[in-house]
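Participant: Keeping their order, the protein sequence lines are chains A and B. Mapping to full-length UniProt numbering: the first sequence position 66 is 66, numbers consecutive. Mapping to full-length UniProt numbering: the second sequence position 8 is 8, numbers consecutive.
Fair warning: there could be bad hints in the mix.
Listed next, the stretches of chain B that the computed footprint assigns to chain A, with coverage defined by at least 3 CB atoms under 8 Å from CB atoms of chain A [to be verified]:
1. 157 to 169
2. 212 to 220
3. 239 to 249
Derived SDA-like pairs (lysine to any residue); straight-line CA-CA distance at most 25 Å [what the hints assert, rightly or not]:
4. A/Lys-126 <-> B/Thr-369
5. A/Lys-141 <-> B/Thr-251
6. A/Lys-208 <-> B/Tyr-316
7. A/Lys-208 <-> A/Ile-98
8. A/Lys-126 <-> B/Gly-86
9. B/Lys-342 <-> B/Thr-369
10. A/Lys-126 <-> B/Glu-315
Keep in mind the hints are simulated off the structure, nothing from the lab. Ideal Cβ positions, reconstructed from N, Cα and C, are used throughout, including at glycine.
Spelled out, the chains give:
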Amino acid sequence: MAEWFQDNGLLLGLALLDGLSSAGLIFLVAVGLNLVFGVLRIINVAHGSLYAIGAYTAASIGLFLSTRGLPQWAALPVLLLSAALVGAVLGPLIERFILRRIYAGEEVVQLLVTFALFMILEDVQKLLWGVQPIHHDAALKLLGTIDVPFGSDFIPFTNYQLFVLPGFAIVTLIGLAWFLRRTLTGRVIVAVTTDREAATAMGIDAAKVFLLTFTFGAMLAALGGALSSPTAALVPGIGAQTIVLSFAVVATAGLGQIEGAALTSLMMGLGRSIAVYFEPELEVVVPYIIMVLVLLVRPQGLFGVIETRRV
Amino acid sequence: MTATLTRREALAAGFGTVLLPATLSAQPAQRPAEFRIGVTTFLSGPASVFGVPSRRACEMLIEQINAAGGLAGVPVRAIFVDEGPGTDHLVGEIRRLVQAEGVHAVFQSISSGSCLACTPLSRELNKVMLLWDCGTQRIFEENRYDYAFRTQGYATPEVLAPLLYLLRKKPDIRTLAVVNQDYAWGRDSWEIWKTAMDALKPGVRVVAEMFPRFGSTDFSTEITRLLALRPDVVYSTSWGGELVTFIRQATERRLHERTTFVLPVAEASLQILGRNMPEGHIIGARGDHWNNHPAPANPELFRSFVSAYRQRFNEYPIYPCHHMAQAVWALKAAVEKAVATKSGGWPSDAELAAAFRGLTFPTPTSTITLREDGQGLEDQIVGMSHIDPNFGFAVPREMMRYSAAQVSAPVGQKSVDWLKTLTPAMVQQAGTAL
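Please work from the sequences and hints to get the whole structure.
Facilitator: Structure, rendered in structure tokens:
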């Protein structure tokens, strides 16, 4: 074992750096889905579309402003503003006019409706942005690269990958934990997540909480997309790819568990990157192996609690 | 009430069932009011980066053909079907196109999986099927079809030509890594490359074989590993958004300064990459139809196709547009040949299919011949990426043309078996500089 670490320790170090960045992005998307799932009890397949629209909007605004002589430093705030814009516009619209009508419906109806919404939004993306890849990497270029020592060699990493993505994930985790536990609105959301009936009976306006939570979840999905846009080419279908992994995170983490989502994202991000170095054939399945193993031991998820069945 | 058949009636019914279709098909075909083509292409999902431009090219060319009087005087109409929902859906759609829409020919498909699943329908439905873009070598190496033809090259020459070019330009390579998409094309094209490389330059060490998830948007881990390994060559047949993302992430971290990329399918992504595509790397186009082709066979037709497409869609045509055009031109040539053979009469499905076998049809850059197994022989042009200010994106220079006959497996041989028989001498013998 010691010999293996001696031979592969440096590679493992690189894998950890890659895994942190990957985990940051996975967390940002999955945490919004987990929050929405926890409060609204709806499996929102359209979460992937909000991610994609966030990415496309950020790239489009960035491209538009760069032709208008936008200073380079503004590239990063543009990403955040795009996410806020997408969440603030689409979140209330979707919750008010679509989801509100199906809260009382069966789970299969909810799944079908959000899947239909996902398909519609996929076509909207094609209508607005076409099918050719779009990219805008001003934020990536702005921050440049850093050379990480690797034995007698060095490996260039982008500062965006190494610091911005994990940094945003950590800030989101801490901010969200603070918001949910230290503010009145956050505690109200937690109350609805824990026991919707009791919370409503005590006078909490569940409709408002649903609207707020979904809008917030939409913003987080769009933030994930916006932050991924400087590194990735945007094409039809990116939403579908993202949503599958996000569901794996939610299932593994446990219903509405923010810290669980963070830990699961970290496990999946690190697992995937370590696989790329040492067993590339397993890269695709590693997140799902982690999910299966966790659910075999804890069917309620890593941080989930077993709910008593009510009659 | 129970109906009973006598033995004589049963025999008559049986013979009728067997003989009637043959009798009907032997009737002289009537000139149709319109010639309907069923076209399968990706209109949704990641591969719509190929499918939508090819649909545009098809519509544009059909308009041009109709404006010039149609196919042997018959107007043409295309009916498009999305490959996106998958092969099961596509099989049903092709049946519907033939049986309900009454199409006279089918153009299918982009995905090799689609082609493998749907090409047998040509035999069942007795309908001409032109494989306009899919590349799998298995179609005509594992089966014989009377009604199916591929109007372009295929995976073996499209992979072998860039390998020959690499070994000609960089004969001293010692290490190589592969980063291909994890699906049939990514795996098959690697098998072709590896088999040919072992024959043409034995001893090249493969230091990494990576097949990221299809549709992946993050290659940073793969790139870190490649930066650490420093292979002489990174081979990738990835395409679309994934290739754009991979190249952008790789160049941002200066991987292109440590290795040579070999990208056989790069052409379709070069406009999108713009100046982000580094210079001095090997690029292919799945054919010879580069927009900066220095000596097209028919310069006027070449310019008119490219400029008409650019004027209408504000971008250069990419290789799926050229492949779609080849299918349209092949159909036009075959219909005219079949009509001429019948002295102006309209051909039956069988007679139209017969016109395709051995057909040589002109393209703007060269000519393509459909050999006896149905496979098209299309030349390959490979070159080094170079940012051309006239285009504003990378196009090839130091181009070499590999004639289709040189880089395709002979009829009756499987590609992998044939590739094993190649010798290092082929590197210097094959290809001519343009």
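Participant: At least three residues with a C-beta closer than 8 Å to a C-beta of chain A: is that true for the region 212 to 220 of chain B?
Facilitator: holds (count 7)
Participant: Starting from A/Lys-126, check that the Cα of B/Thr-369 is at most 25 Å away, please.
Facilitator: Answer violated: A/Lys-126 to B/Thr-369 is near 37 Å, above 25 Å.
Participant: Three or more residues of the region 157 to 169 of chain B near chain A by CB distance under 8 Å?
Facilitator: violated (count 0)
Participant: Taking 25 Å as the top limit, are the C-alpha atoms of A/Lys-126 and B/Glu-315 close enough?
Facilitator: Since the Cα atoms of A/Lys-126 and B/Glu-315 sit roughly 17 Å apart, the hinted pair holds (cutoff 25 Å).
Participant: Counting residues of the region 239 to 249 of chain B whose CB is closer than 8 Å to a CB in chain A, do you get three or more?
Facilitator: Per the Cβ count (7), the hint holds.
Participant: Would the hint linking B/Lys-342 and B/Thr-369 be met if the CA-CA limit is 25 Å?
Facilitator: Given pair B/Lys-342, B/Thr-369 holds - Cα atoms ~22 Å apart, limit 25 Å.
Participant: Does the alpha-carbon distance linking A/Lys-126 and B/Gly-86 stay inside the 25 Å limit?
Facilitator: holds, 19 Å
Participant: Please verify whether A/Lys-141 and B/Thr-251 have alpha carbons no more than 25 Å apart.
Facilitator: holds, 11 Å
Participant: Given the hinted pair A/Lys-208 and B/Tyr-316, is their Cα-Cα distance within 25 Å?
Facilitator: Judged against 25 Å, a Cα distance of about 51 Å means the pair is violated.
Participant: Please work out if A/Lys-208 and A/Ile-98 have their alpha carbons no farther apart than 25 Å.
Facilitator: Judged against 25 Å, a Cα distance of about 15 Å means the pair holds.
When each numbered hint is compared with the structure, violations occur for hints 1, 4 and 6.
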